[in-house]
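Chemist: Given next are the chains, with one letter for each unit.
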Amino acid sequence: MRATVDTPIGAPIPEWKGIASNVHARTDREGEANIHDDAAAQKLGFQRGFVAGGQSIAWISRALVHYFGPTYFQTGRLEVTYVSPVFDQDPITVKGTVRERIPEGDGVRLVCDVWLEREDGTKAVVGTASAVVRG
Amino acid sequence: MKTFADLEVGQRLPPIELTVTEEWIATDIALAHDPNPPEKNPDLFGSVIAPPTLTNADFDRFLRANGFSMSGVIPTKTRQEYFAPLHLGQTIQTTCEVVDKYERKGRTYVTFEFVTTDQTGRVLVKKRDTFLQMPVEAT
Numbered sequence: 136m137r138a139t140v141d142t143p144i145g146a147p148i149p150e151w152k153g154i155a156s157n158v159h160a161r162t163d164r165e166g167e168a169n170i171h172d173d174a175a176a177q178k179l180g181f182q183r184g185f186v187a188g189g190q191s192i193a194w195i196s197r198a199l200v201h202y203f204g205p206t207y208f209q210t211g212r213l214e215v216t217y218v219s220p221v222f223d224q225d226p227i228t229v230k231g232t233v234r235e236r237i238p239e240g241d242g243v244r245l246v247c248d249v250w251l252e253r254e255d256g257t258k259a260v261v262g263t264a265s266a267v268v269r270g
Numbered sequence: 004m005k006t007f008a009d010l011e012v013g014q015r016l017p018p019i020e021l022t023v024t025e026e027w028i029a030t031d032i033a034l035a036h037d038p039n040p041p042e043k044n045p046d047l048f049g050s051v052i053a054p055p056t057l058t059n060a061d062f063d064r065f066l067r068a069n070g071f072s073m074s075g076v077i078p079t080k081t082r083q084e085y086f087a088p089l090h091l092g093q094t095i096q097t098t099c100e101v102v103d104k105y106e107r108k109g110r111t112y113v114t115f116e117f118v119t120t121d122q123t124g125r126v127l128v129k130k131r132d133t134f135l136q137m138p139v140e141a142t
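So the sequences go chain by chain: B and U.
Reminder that position 83 of the first sequence reads as 218 in the numbering used here, one-by-one numbering, no gaps.
Reminder that position 27 of the second sequence reads as 30 in the numbering used here, one-by-one numbering, no gaps.
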């Protein structure tokens, strides 16, 4: 279901599911502690190399692009914090709900809580997203 | 190699000019495995456009271009605003300014502001990305 000018507070954003893949693990940067590589990440105290934050944002953006439609490219805003790592092959789900409706111009800015969670429900990225929808 | 400790608030790194290519768009869309990306529908904005996340790796581009080590660099938060889509074939210019820097538990946090414009100077994307850099000796 796509966002409309009538979407009420509390309405959910359709979930976006996928499997994370650590495409940024690479060995072509000699001497660099790449947090996406297992060995380097373990030296820094992490369980293993983790998926790039940019990929998490890409997942969240997929949910928002499909939910808001073209207006997201012109009025979209996203503000998130990375709260825990996502690892290679983690099943992930992007979720969200509308929490506020703010009149803006000839439309309404729908402000949503959004988050990306791992299979066990641990939130990895949390924040808000919004865009202006018009009738 | 320079580290975050060498950055100062107010510092501007030289702008970077890039062209939005088909390969760049495809790579970004592939990150999220979208089988039906609306960006590929030319009816929406008159041509194929890029995902809003296309410029997410700006920090990497700017830091590497200016001799900074990427060792132990971890993103902590991002704030992004989109004003117009980036079109296939479009030339874009992005500026980078250090807008905040602080220490916490021995780690250096830096917030960068990136502003991407088209060739007329119209703002397309504005972002503030914060990263920490683990102490180099730990990496």
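No wet-lab data here; the hints were simulated from the structure.
Be careful, since some hints might not be right.
[As the list claims (entries may be wrong)] In silico lysine to any residue, SDA-like type, Cα no more than 25 angstroms apart, as pairs:
hint: 1; chain 1: U; residue 1: Lys108; chain 2: B; residue 2: Val233
hint: 2; chain 1: B; residue 1: Lys178; chain 2: U; residue 2: Ile77
hint: 3; chain 1: B; residue 1: Lys178; chain 2: U; residue 2: Lys129
hint: 4; chain 1: U; residue 1: Lys129; chain 2: B; residue 2: Val233
hint: 5; chain 1: U; residue 1: Lys108; chain 2: B; residue 2: Thr206
hint: 6; chain 1: U; residue 1: Lys5; chain 2: B; residue 2: Val233
hint: 7; chain 1: B; residue 1: Lys178; chain 2: B; residue 2: Gly204
hint: 8; chain 1: U; residue 1: Lys104; chain 2: B; residue 2: Val218
hint: 9; chain 1: B; residue 1: Lys178; chain 2: U; residue 2: His36
hint: 10; chain 1: U; residue 1: Lys129; chain 2: B; residue 2: Thr206
hint: 11; chain 1: U; residue 1: Lys108; chain 2: B; residue 2: Asp173
hint: 12; chain 1: U; residue 1: Lys80; chain 2: B; residue 2: Val261
hint: 13; chain 1: U; residue 1: Lys80; chain 2: B; residue 2: Thr139
hint: 14; chain 1: B; residue 1: Lys230; chain 2: U; residue 2: Lys108
hint: 15; chain 1: U; residue 1: Lys80; chain 2: B; residue 2: Val233
hint: 16; chain 1: U; residue 1: Lys129; chain 2: B; residue 2: Asp172
hint: 17; chain 1: B; residue 1: Lys258; chain 2: U; residue 2: His36
Chemist: Would you check the hint for Lys104/U and Val218/B, treating anything up to 25 angstroms between C-alpha atoms as holding?
Modeler: At roughly 20 angstroms apart (the allowed maximum being 25 angstroms), Val218/B and Lys104/U satisfy the hint.
Chemist: Does the alpha-carbon distance linking Lys178/B and Lys129/U stay inside the 25 angstroms limit?
Modeler: violated (34 angstroms)
Chemist: Within 25 angstroms, alpha carbon to alpha carbon, are Lys108/U and Asp173/B?
Modeler: Roughly 23 angstroms separates the two Cα atoms, so the pair holds.
Chemist: Is Lys258/B within 25 angstroms of His36/U, Cα to Cα?
Modeler: Distance of about 20 angstroms is within 25 angstroms: holds.
Chemist: Keeping to a limit of 25 angstroms between CA atoms, is the pair of Lys80/U and Val233/B held or broken?
Modeler: Measuring from Cα to Cα gives roughly 21 angstroms; hence the hint holds.
Chemist: Are the Cα atoms of Lys80/U and Thr139/B separated by 25 angstroms or less?
Modeler: violated (28 angstroms)
Chemist: Take the C-alpha atoms of Lys5/U and Val233/B, compute the straight-line distance between them, and say whether it is at most 25 angstroms.
Modeler: Violated - the C-alpha atoms of Val233/B and Lys5/U are around 43 angstroms apart, more than 25 angstroms.
Chemist: CA of Lys129/U to CA of Val233/B, is that 25 angstroms or under?
Modeler: Given that 25 angstroms is the threshold and the Cα spacing comes to 23 angstroms, the pair holds.
Chemist: Between the alpha carbons of Lys178/B and Gly204/B, is the straight-line distance 25 angstroms or under?
Modeler: Not OK: Lys178/B and Gly204/B at ~42 angstroms, beyond 25 angstroms, violated.
Chemist: Mind checking the alpha carbons of Lys108/U and Thr206/B for me, to see if they're no more than 25 angstroms apart?
Modeler: violated (41 angstroms)
Chemist: Mind checking the alpha carbons of Lys178/B and Ile77/U for me, to see if they're no more than 25 angstroms apart?
Modeler: holds (14 angstroms)
Chemist: Check the hint pairing Lys129/U with Thr206/B against an upper bound of 25 angstroms on the C-alpha distance.
Modeler: This hinted pair holds, its Cα atoms lying about 16 angstroms apart.
The structure fails to meet hints 1, 3, 5, 6, 7, 9, 13, 14 and 16 from the earlier list, while all remaining hints are met.
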